[in-house]
Every structure is written in structure tokens, then in C-alpha cells.
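Undergrad: Sequence order for the protein chains is A and B.
To convert, note that position 285 of the first sequence is 285 in my numbering; the numbers rise steadily by one, no gaps.
Count along the second sequence from 1, then add 543; that gives the number in my numbering.
Hints listed in this document are in silico derivations from the structure and should not be mistaken for laboratory results.
Don't take every hint at face value.
Stated by the list, open to error - Cut-off 30 Å, straight-line C-alpha distance, at most; resulting in silico cross-link-like pairs (DSS-like, lysine-lysine):
1) A:K308 x B:K753
2) B:K710 x B:K548
3) B:K663 x A:K308
4) A:K541 x B:K696
5) B:K753 x B:K741
6) A:K29 x B:K741
7) B:K656 x B:K716
8) A:K29 x B:K555
As a plain string of letters, each chain reads:
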Amino acid sequence: MNIRTLIKMELINFLGINELRHVKDPAVKKQKGFLFGVLLVLYLFLAGYVVMQSVLLGKIGATKYIPVLYFVLAGMINLAVGIYRAKAAIYRESDLEMVSALPIDGKSIVASRVFRMYFDNLIVGLAVIIPSMIVYGIKIGCGVLFYISILPVCIVSPILPTAIAAWVGIIFAAIIARNRHKVLTEVILVLVVVIGSFAVSGIISSKAGVGTVSSLAERKELNEEINAELSRMISEKMVSFENAFPPVKIVGEMLTNTDFAELAVYALISLAVIILTSLIIGKYFFSISRRLFVTEAHRDYSISELKKESVMKALIKKEASRYFSSGIYVSNTIVGPVMAVVFAVALGFVDIDKIVKSAGELPIDMKFENAIPYILALVFCVMTLTASSVSIEGKNWWIVRTMPLSAKDILGAKILFNLIFVAPFYALMEIILLFTVNAGPLERLWLILVPGLAILYSVLLGMMCNLKFPKFNWENETEVVKQGAATGLSMLGVLPLILFAGGAAVITGSAHHLLSVGYIVVMSTICWVFYSKISRFDIQKLD
Amino acid sequence: MLVIKNLDKIYKGTDKGIRDISINVEAGDIYAFIGHNGAGKTTLLKSITGIHEFDSGEVVIDGINIKDNPMEVKRRIAYIPDNPDIYEFMTGIQYLQFVADIYNVSAAEREQKITEYADKFEITSSFGDLISSYSHGMKQKLVIISALLHSPKLLIMDEPFVGLDPKAAFILKEIMREMTEQGSAIFFSTHVLEVAEKLCNKVAIIKSGKLLASGMMSEVVKDGESLEELFMESV
């Protein structure tokens with residue numbers, strides 16, 4: 001009974017539905033409805049994209065691999081997202097006192113939270129597996145039993161990735177709980193996982209390499225010879241992937257043969273793993289939680305000389321304290337700048353043009369080296385602090401609202417802090433690029449200006465998005481830092497950078513410098529417009 | 544010091560809020576604002592401190608209209624909320640330093656005031672620890688100290704005695720008396736009617752967003768009647 005109640009509580013506000021139902025303010029209701037609509041559209045886009053890719057795979061003769069490919073892809077998405085969220089999903093400070101005082105054991109609490117993780121993964125999995133399986137079924141001419149099997153497959157597929165992610169969550173939590181410097185420990189762990197994931201995926205890609213084959217098919221005129229060649233390449237890669245990871249072969253056969261007995265065995269094993277996971281994590285839930293959220297107190301302070309500082313310095317120091325006190329905030333936003341530095345180093349060892357051309361001949365002459373400034377800009381701008389810096393004020397928002405501070409003071413400090421924070425990474429990246437990239441004077445100028453302007457753009461865009469979609473009544477920082485509408489929208493805002501990157505790679509010769517000049521003009525103008533709007537923002541609107 | 548004229552604030556999509564509130568708080572007043580749960584006390588306090596935007600009416604503090612010059616008004620007031628939600632990622636002394644910097648309090652003055660009030664409330668030794676390690680009462684004391692650093696002309700408090708131990712409550716009352724003797728004014732909501740009756744010279748009673756009574760304590764509360772009895776009759 002407890003678990004059912006706890007699961008109900010976990011799901012009650014899924015995608016903000018409960019708030020949407022009960023909020024009375026029409027303007028807020030409209031905003032929440034809009035955000036819900038955007039999520040739905042993105043979800044349908046994902047399903048549509050999967051349909052498109054599946055049809056394409058069918059056209060090049062790789063139909064038989066569709067079910068396993070998308071089963072594995074859904075699993076990988078679930079795993080990546082699950083690992084990213086696991087610790088915060090299972091261990092929450094906001095309701096620890098409440099659940100500690102209730103007659104509920106740790107196992108029930110963990111079971112409900114792991115179920116919530118599973119449910120989120122299920123929703124994503126549905127958008128990937130159902131369309132791909134339907135396309136496969138139509139292509140092959142499968143019977144009714146195949147279509148009946150789709151739903152059970154969808155239900156079973158997220159279980160193992162959720163269990164693995166939960167294990168990562170408890171390992172993270174246990175390590176952090178034992179360390180004095182909890183925030184630093186969390187950041188290091190996240191960076192190790194992110195950089196490690198890139199390294200592992202690089203190794204897997206080089207072995208299994210189901211990379212750009214389908215996109216090559218899009219670019220080249222489809223004819224039988226090319227299809228046969230692409231199909232042979234996919235088959236070879238899939239065989240080596242199956243040899244490297246035998247469970248993939250078992251899953252593939254289970255899906256294509258519609259073997260309910262095998263599916264049931266797979267489901268039972270997955271269930272056993274996740275139940276065991278929940279039981280073990282649940283056993284240590286309270287002890288780890290208490291150690292995670294304990295704050296030391298010495299009670300031995302005596303007042304010494306107090307110094308006065310300027311208003312802006314005080315505000316920036318406050319922003320810095322806020323930022324570095326939150327493992328979630330730091331680990332989410334530091335990845336971009338760190339990866340930009342890592343990428344700058346990697347450029348000294350890899351030749352981008354060679355790597356791309358090794359995948360196959362391209363229909364037009366492209367020079368990816370020209371796109372480096374834009375790729376660096378993209379990496380830097382993935383997640384900015386400002387996208388959640390207003391929302392993260394949360395219940396403390398009243399403090400600056402009752403102080404003699406203008407919107408320019410409050411928001412300006414947040415923007416400045418973001419820029420101060422990324423400045424060392426940007427400077428380090430530029431110094432490294434001096435050694436890793438051979439560039440003429442103009443190319444060097446673009447390497448400096450393009451990422452620099454992009455950083456400013458993303459910081460201001462993040463602020464604009466957060467002012468448009470603030471969220472103060474959160475219980476867990478994850479809600480605003482990882483799941484906030486402002487965060488999501490500000491990430492979409494980097495799309496123009498992708499266009500510029502593509503353009504830079506395509507346009508060669510001196511015309512590519514004109515593109516860079518165009519970029520600088522456009523971005524500078526956008527930044528100026530954003531800054532003007534932010535400076536004049538009526539902070540009273542943020543209630 | 545505080546003039547509220549025909550203030551309206553209704554939450555969108557509901558009929559909840561405050562209607563046609565008019566209150567006059569003069570220098571030297573300790574003005575209590577009482578009402579049942581959900582009556583609109585916090586709504587009024589947040590409207591006059593600039594946290595909420597109000598729909599109509601006027602709020603003038605020390606001769607300055609809050610809509611014309613909110614910054615100048617905020618320099619003259621201090622607000623203590625009902626829940627001491629302050630920056631838990633700071634230590635106590637860091638928070639006080641932050642507040643003092645925003646209000647441009649000199650180094651000497653802040654040192655003198657922090658020392659004085661921290662000693663009175665007996666929390667000096669905790670100032671080096673993170674606020675997240677504080678109890679509710681300790682946070683409340685810290686918020687009170689932070690509100691007093693810039694010597695506000697108007698102190699606005701929402702149920703300030705909640706969470707304070709008897710000694711701290713006594714000290715707060717002393718501080719309130721001292722402030723008003725020096726020409727400041729205090730406007731606060733409370734459920735502790737005995738304190739309101741003993742401490743305050745003026746009182747206002749609100750019910751379901753509307754003012755039932757306001758004015759001098761001696762006029763609102765008749766002879767032979769207590770504030771509690773009046774409250775029970777009214778609400």
C-alpha cells in the first residue's frame with residue numbers, strides 16, 4: 001500500500017500536469033499549457049524522426065536490423081539520461097525529513113523513485129520503439145502477433161537501463177556522502193562519466209560503427225549498387241557489434257521472431273535485477289541520505305574586523321556562493337566549458353577533415369576545419385548558468401525583491417558572474433588553440449571572436465529564457481537546472497550556431513571569411529537587443 | 544510613516560486577496576495587524592514591501608509613493624517574512640555582510656550593530672556556520688538582525704515571534720520599543736494577541752480580505768474586553 005501511495009505522489013505532477021489542472025491564474029495556466037504543448041510537439045518530432053530513419057534503413061536493405069537498432073538506441077538514451085539524473089532522483093533533501101518521520105521503509109521509498117525513473121524512460125522509449133517496430137512490421141509483412149508484442153517490448157526495454165542508472169546513482173551518492181567536499185566530488189564524478197562516455201562511445205563506434213551510413217544514403221542518389229554496398233556494411237558492423245555484445249543478438253532474435261517465451265524470460269531477468277537493485281539501495285537509503293545532506297556546525301565563531309564591499313561585488317559573491325553550493329548546478333553547467341577545452345586539446349591530435357572523409361566520399365567539397373570556431377562555440381553554449389539563475393533563487397527571491405536593487409543590479413550580477421565563471425575556460429581554450437590549430441591571422445581572429453560572441457549570446461539568451469519562464473516554487477534544484485523550460489529553450493537557442501557551423505564547413509575560400517563577418521554582425525546585434533531588454537525588464541512581473 | 548489608501552490586490556483567477564484596505568502608521572507606532580488564517584495579512588505585507596504588485600490604491604512610505612520610487616522606499620524599510628527562507632549556502636556572518644553591503648552600511652556601523660544584536664540574541668558563535676545548520680529560531684534571529692543593520696524607518700514583520708524562544712521574544716519586544724522611541728515605526732502581523740495587546744498602541748483587524756477595525760488600541764478594544772474576545776467576536 002505504501003509503495004502505491006508513494007508512486008502516486010511521484011507521478012502526480014508528471015510534466016506539470018497537476019499544476020496545469022489546478023492553477024487558477026489564467027496567465028500562468030496559459031504558460032504551462034504552452035510548455036506542455038511544446039513538449040508534446042517535440043515528442044511527436046522524435047517519433048517522426050524515428051519513422052523517417054527506419055524507412056530509410058528499409059530502403060537501403062537494412063530492414064532486419066531496425067528492431068534491435070532502435071531497441072538498443074532507446075536503451076542507450078534511457079541509460080544516459082538515467083545516469084545523469086539518478087542521484088538527484090533517488091536522494092532528495094527537500095522531503096527527507098518528512099519521509100524519515102513517516103512509517104515508511106527505505107525500500108519502499110527507493111522503489112517508488114526508481115519506478116519514477118523507469119516511467120520517464122518508458123515515455124521516451126515509446127517514441128523510439130513503437131514507430132520503428134511498426135515500420136519494420138509493415139516492411140516485412142508481420143502478422144498480428146508481432147504488433148501485439150510491441151507494447152510488451154516497450155514496457156520491458158527501460159527496466160535494465162533504469163536499474164544500471166540507479167546503481168550509478170547509489171555509487172555516486174555513497175562516494176559523495178563519504179567526502180567532506182561534496183560539491184567538488186559530485187562535479188568530478190560527473191565529468192569522469194561524461195568524458196568517459198565520449199571515450200567509450202568513440203571506441204564502440206570504431207568497432208561497431210553504425211555511424212553516418214544512413215545519412216550517406218540521403219546524400220547519394222539511391223541505386224541498387226549503393227544500397228547493396230550500404231546494406232553489406234551495416235550487416236558487417238552489426239555482426240561485429242553482436243559478437244562484442246552477445247545480449248544484442250539475443251534481443252534481436254527475440255524481437256524479429258516475436259518469441260514471447262524469450263521476451264518473458266528477458267522481462268523476468270530485468271525485473272529481478274531492478275527489484276534487487278531497489279532492495280539493496282533501499283537498505284542504505286536513510287544512512288546515505290543523512291550523510292549526503294548533513295551540514296557541519298562548529299559554533300565557535302567570534303566577530304573580527306568586518307569589511308565593506310560594493311553592491312555589485314556583494315551580489316556577484318552571492319551568485320558565486322549559490323552556484324558552488326550546488327553539485328547539480330555546477331555539474332550541469334561545467335561540462336560545456338570543460339569539453340571545449342578538451343576539444344581544443346584533441347584538435348592537436350586529430351584531423352577533423354580526415355575523420356569525416358574516412359566515413360565515405362561526400363557529394364560536395366567540405367572543409368570541416370573552417371567549422372572549428374563554431375563547433376567550439378556550440379560546445380561552450382550547451383548549458384549556461386543564466387538559464388536557471390533567476391529560478392534557482394526559489395524561496396529566497398523575496399530577499400532581493402525587498403532590497404533597494406534595480407533589475408539591472410540583480411540580473412546584471414547574474415550575467416556578470418556567468419561570464420566571469422567561463423572566462424578562465426575560454427582563455428585556456430584559446431591558449432591551447434595557439435598550439436593545436438595552425439591558423440592564419442584571419443582564422444585566428446575567428447577562433448577568438450566566434451566562441452567569445454557565442455558565449456555572450458548564450459548567457460544573455462539564457463537570461464531572456466529564464467525571465468520568460470521563471471519557476472520559483474521548486475522542491476528540488478533538478479526541477480530548474482535540468483528540467484526547467486528555460487533551460488530547454490536556451491539549449492534550442494544554439495541551433496543558429498549549428499547553421500553557421502554547417503555554412504562554414506560548406507563555404508570554402510575567402511567567402512567563408514564573409515560568413516564570419518556576417519556571424520559577428522548578427523550575433524552582436526542580437527546580444528545588444530537582448531541586453532537592452534534585460535536592462536529594462538520590469539522585475540515586478542516576476543511574482 | 545506608512546499610508547495605505549484603498550489598497551486592492553486580488554489573485555488572478557480567484558476572488559482571494561485584499562480589498563479597499565486603508566491604514567495609517569505614524570512614526571513611533573507599534574501597529575499590530577491581526578486576522579484569521581488566509582485573511583490576507585501576508586498579502587498586504589508583501590504588497591507594501593514590493594514583493595507583490597497590487598491592483599489599485601496607494602502605498603506611501605515616509606512621504607514617497609512606492610510606485611513612483613520603489614528604490615528609495617526600500618532603503619527606508621526592512622521586511623521580516625513569516626518563514627525565514629534565507630541563503631542557506633552562506634554562513635550567518637556572510638549573510639549579514641551581504642545585507643549590510645546592499646544597504647551601504649559602513650564597516651564600523653555594521654560591526655557595532657552585529658556585535659550588539661548577536662550578543663543580545665546569543666548567536667555570535669554560530670555565525671561561522673552555514674545557515675543550513677541553523678534551527679528555525681536561529682534563522683529567525685539572523686533575519687531580525689539583518690533587518691536592523693541599516694536602521695530602517697519602518698520595520699514590517701510577518702509573525703515575527705513564531706519560532707523564537709521566550710528570551711528572544713522578550714529581546715525583540717525591547718528592540719521594537721527602542722526603535723519606536725527613536726522615531727521609527729513598526730507594522731507587523733501576529734497571532735499572539737497578548738503580545739499585541741501589551742506591546743502595540745494601534746491595531747487593525749482583517750477578515751476575508753477586508754478591514755473590520757483599525758485605530759488606537761484603546762479605541763478598538765473597549766474597556767472590560769480583551770483583544771482576544773474582540774477577535775473571536777469579529778472573525
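Undergrad: If you draw a straight line from the CA of K29 (chain A) to the CA of K741 (chain B), is it 30 Å or shorter?
TA: Not satisfied, since the Cα-Cα distance of roughly 46 Å exceeds 30 Å.
Undergrad: Does K548 (chain B) sit within 30 Å of K710 (chain B), going by the straight-line distance between their CA atoms?
TA: 37 Å, violated
Undergrad: Compare the distance between the alpha carbons of K663 (chain B) and K308 (chain A) with 30 Å, and conclude whether the hinted pair is satisfied.
TA: Given that 30 Å is the threshold and the Cα spacing comes to 23 Å, the pair holds.
Undergrad: Straight-line Cα separation of K308 (chain A) and K753 (chain B) no greater than 30 Å?
TA: Violated, at about 44 Å.
Undergrad: Please work out if K541 (chain A) and K696 (chain B) have their alpha carbons no farther apart than 30 Å.
TA: Distance ~27 Å between K541 (chain A) and K696 (chain B) Cα, so the pair holds.
Undergrad: Holds or violated: K753 (chain B) and K741 (chain B), Cα atoms, limit 30 Å.
TA: 25 Å, holds
Undergrad: Between K29 (chain A) and K555 (chain B), does the CA-CA distance stay at or below 30 Å?
TA: Satisfied, since the Cα-Cα distance of roughly 11 Å is no more than 30 Å.
Undergrad: Mind checking the alpha carbons of K656 (chain B) and K716 (chain B) for me, to see if they're no more than 30 Å apart?
TA: Roughly 17 Å separates the two Cα atoms, so the pair holds.
Going down the numbered hints, you'll see the structure goes against 1, 2, 6, while the others check out.
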